[in-house]
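Trainee: Chain order of the listed sequences is W and A.
Going letter by letter, the first sequence gives residues 0 to 352 in numbering that gives the first Met the number 0.
Going letter by letter, the second sequence gives residues 0 to 248 in numbering that gives the first Met the number 0.
Quick caveat, the hints were computed from the structure, so don't treat them as lab data.
Any given hint could turn out to be false.
What the hints assert, rightly or not - Below, computed lysine-lysine pairings styled on DSS-like, alpha-carbon distance capped at 27 Å:
no.: 1; chain 1: A; residue 1: LYS186; chain 2: A; residue 2: LYS201
no.: 2; chain 1: W; residue 1: LYS40; chain 2: A; residue 2: LYS202
no.: 3; chain 1: A; residue 1: LYS86; chain 2: W; residue 2: LYS40
no.: 4; chain 1: W; residue 1: LYS226; chain 2: W; residue 2: LYS260
no.: 5; chain 1: A; residue 1: LYS186; chain 2: W; residue 2: LYS40
no.: 6; chain 1: A; residue 1: LYS86; chain 2: W; residue 2: LYS158
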Amino acid sequence: MAKQLMKGNEAIAKAAIVAGCRAYFGYPITPQNELCEYMAKYMRSSGGVFVQAESEVAAINMVYGAAASGALSMTSSSSPGIALKQEGISYCAGAELPALIVSVSRGGPGLGGILPSQGDYNQATRGGGNGDYHVPVFAPASIQEAASLVRKGLIVAAKYRNPVMVLADGVIGQMMEPVELDPNPIDIEAFPWAADGNSGVRPRNIVNSLHLDVDDLENHNKHLQAKYRAIEENETMWEEYKMDDAEYMFVAYGTPSRITKSAVDELRSEGVKVGLLRPISLWPFPYEVIHRFSKKMKFIFVAELSSGQMLVDVKLAVGYDTPVHFYGRMGGNIFEPLELVAEFKKHQEVLGQ
Amino acid sequence: MTTTVFKKTRGLTDVPFTYCPGCTHGIIHRLVAEVLEELELLDTAVGIASVGCSVMSYEFFNCDMIQAAHGRAPAVATGVKRTHPDKTVFTYQGDGDMASIGAAEIVHAAHRSENITVIFVNNAIYGMTGGQMAPTTLPGHVTTTSPFGRDTTLQGEPIRMSEMLSTIPGSYYIERVTVIDPVSVRKAKTAIKKAFQAQKDKKGFSMIEVLSTCNVGWGVTPLDALKQIKNDMIPYYPLGVYKDKGANQ
Ligand SMILES: Cc1ncc(C[n+]2csc(CCOP(=O)(O)OP(=O)(O)O)c2C)c(N)n1
Ligand code: SF4
Ligand SMILES: [Mg+2]
Chain W
0 MAKQLMKGNE AIAKAAIVAG CRAYFGYPIT PQNELCEYMA KYMRSSGGVF
50 VQAESEVAAI NMVYGAAASG ALSMTSSSSP GIALKQEGIS YCAGAELPAL
100 IVSVSRGGPG LGGILPSQGD YNQATRGGGN GDYHVPVFAP ASIQEAASLV
150 RKGLIVAAKY RNPVMVLADG VIGQMMEPVE LDPNPIDIEA FPWAADGNSG
200 VRPRNIVNSL HLDVDDLENH NKHLQAKYRA IEENETMWEE YKMDDAEYMF
250 VAYGTPSRIT KSAVDELRSE GVKVGLLRPI SLWPFPYEVI HRFSKKMKFI
300 FVAELSSGQM LVDVKLAVGY DTPVHFYGRM GGNIFEPLEL VAEFKKHQEV
350 LGQ
Chain A
0 MTTTVFKKTR GLTDVPFTYC PGCTHGIIHR LVAEVLEELE LLDTAVGIAS
50 VGCSVMSYEF FNCDMIQAAH GRAPAVATGV KRTHPDKTVF TYQGDGDMAS
100 IGAAEIVHAA HRSENITVIF VNNAIYGMTG GQMAPTTLPG HVTTTSPFGR
150 DTTLQGEPIR MSEMLSTIPG SYYIERVTVI DPVSVRKAKT AIKKAFQAQK
200 DKKGFSMIEV LSTCNVGWGV TPLDALKQIK NDMIPYYPLG VYKDKGANQ
C-alpha cells in the first residue's frame, strides 16, 4: 500500500481492518474518538461489524461474544474506559479468547484530563481484572509502528488465544505521520474451539472461565502460566539506540522515547557516551536485556510521562548495583529534550564527571 | 406394537441438573431445549449462560454454549449474533443478573433490537448466592439482605422487566409466563416457541419472562413455592403478552 499521511487513531483503525479484524465494538471517549469514527465509516463496507455499545463494559463483552464465536475482534478506549473493560479482559484471559484492546491513554486519576500521559502503564501491564493473568502490551512510538503493532497484536492474540493491548499515548492518537500499511490480511487458521453454532457437524463447543473444582482450576492456571512463559520467550520486543559503546542508558517508551532520542543526540554531540533502550513490549518487559546493559552503565535514567510506573520494572531488572534515576512530567505536560539533558547532567555532576 | 409417547429431548445433555429438588429452572431448561429441537435450531444455536444458579446451563443445553460475566449476557449475545447473523442466539438469565447488574445491557440489546431470544427466569431472589434481595423481590418479603422484609421506602418497589422492556421501540415480542402446573407449562412452551420463531424470522428482540420458584431461597416447600407464585407473584407480575409487534400483521 502506498505511503499516506494519517492521524494515529485512523491509521490504527485502518491497520486493523486491513489485517482482517472483522468486528469492532466501542464507546466514544477522547482522545480515541477518530478510531471509533473510522470504524463506523469503514467497517461495514469491509464486510465487518461495527456496534457503538452502551458502555465500555458492554463493548468488551461484545468483543468477548464475537471472539468466543470465532471472530477476530477488537475494541478501543482511553483511560477511564479501559478501567471499565478490566472485568471483560479478565474473562477473555480466563476463557482464552483472542481480542485486541487499543488504549489511547490520557491523564488521570478519575476523569483527569484529555492530554497525553503515561499514567496507565500499571493499568495496562498489571491490569485491574481479577485473577492470575497477563495481557501482552505493545507500546508504539510512531504512527507507522502503531499500525505494525496493531497487526502484530492481532497475530499474537490469535496465536496464543489471549487478549492483547496496544497502549498508545494521546500523542500517537492525535498526531499525523506518513504510514505504509501491510496490504495483506494476516494468516490465521479457523478456530476449532469457537462456539459458532455448528454443533450439528462437530462435538459442541463451550467457552467458559468457570472451574469449580480446585484441581481443575489449578491446572487451568498452570496451563495459562505456561502460555505466558512462551509469550515472554517469543514476544519480548525492544529497540536499542546508540547502545553499543554507551556508558549511560536512558529507558523510555512510546512518544517520550522520541524526545529522549533527541536528548541522547544532544548529549552525544557533547561527547557523552549515552544511549536509549526503548521497551516496545511492556509486558513481557525486556528485563534481561536491561539487566545485561545495566552492568556496564554508570547510571540509568528513566523518563516517563508519569510519576514513575515503568521505573519499577526497570529497577526490578537492574537490581541494586547500578543507580536508577527518574524524571517525569504529568497532567498532559510533555518534557523537552533539553529538560532531560539538564536533569541528566545533574546526576552526572553528583558522580563527579 | 409399542409407540413412544414421551422421550427426553435431544436439546439437553445427559449431565444431571445441579438445581435443588423442586426448583423450576429444570422445567424451563426442558422447554427451551424442546423448542430448539422442534424448530430445528439446536444444531446452529449458541446459548449464553449467565451468572446465577443457571451458570452451569452450559453443561445442560446440548448446543454450543458461552458462559458470560454477571449481567453481560445480552452484550455477549450481541457480539455473537452480529458476527453470526444466521445462527440462533439466546441468553438464559436470572432476575439478579438481568434486572440488577445487567440492567443496562438488557435495555440496550432491546433498544438495538438485537435479533436474539432472552429467557428471563424471575424467581424474585438471588438464588445462587444464598437468597439475597433482588430488584424483583416482592414488598415485605424476607430475604437474607432484607431480614425485616423488603421496605419499599428504602429499597424501592419491585421492577417489572417485561413491562419496562415492552416500552422500548426495539423490542419485538415479550411475554410473561410461569410453570406452576401443566396448563401454564404448556403455555410457557408456546411462548418460548413464539420467541424463537421471531428470531428465526429475523424480527428482532424477543424475551420470555418465566416466573420461577426458588423454594430453597424462599424457605418454603416446593409445593408452597408453586402456591406462592400463584398467590403472591402473579398479582404483582401479571402473566400475558406485553409486546407483540407482529400481532396486527
Ligand atoms: C460481578 C459479580 N458480582 C457478584 C457475583 C455473585 N453472584 C453470583 S450469582 C449472583 C446472583 C444471581 O441471581 P439471579 O440472577 O437472580 O439468579 P438465580 O441464582 O436466582 O437463578 C450473584 C450476585 C458475581 N459472580 N459477579
Ligand atoms: S437456590 Fe433456588 S434458584 Fe437456585 S437451584 Fe436452588 S431452588 Fe433453584
Ligand atoms: Mg433469581
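Trainee: Does each hint hold? Answer for all of them.
Mentor: Results for each hint:
Taking the CA atoms of LYS186 (chain A) and LYS201 (chain A), the gap is near 23 Å; set against the 27 Å cutoff, the hint holds. With a C-alpha separation of about 26 Å, the suggested pair LYS40 (chain W) and LYS202 (chain A) falls inside the 27 Å cut-off, and the hint holds. Between LYS86 (chain A) and LYS40 (chain W) the alpha-carbon distance is near 26 Å, which keeps this suggested pair within the 27 Å criterion. Pair hint LYS226 (chain W) plus LYS260 (chain W) does not hold up; C-alpha atoms about 34 Å apart against a cutoff of 27 Å.
Of the pairs offered as hints, the one joining LYS186 (chain A) and LYS40 (chain W) is violated, with about 45 Å between alpha carbons and a cut-off of 27 Å exceeded. Of the pairs offered as hints, the one joining LYS86 (chain A) and LYS158 (chain W) holds, with about 26 Å between alpha carbons and a cut-off of 27 Å not exceeded.
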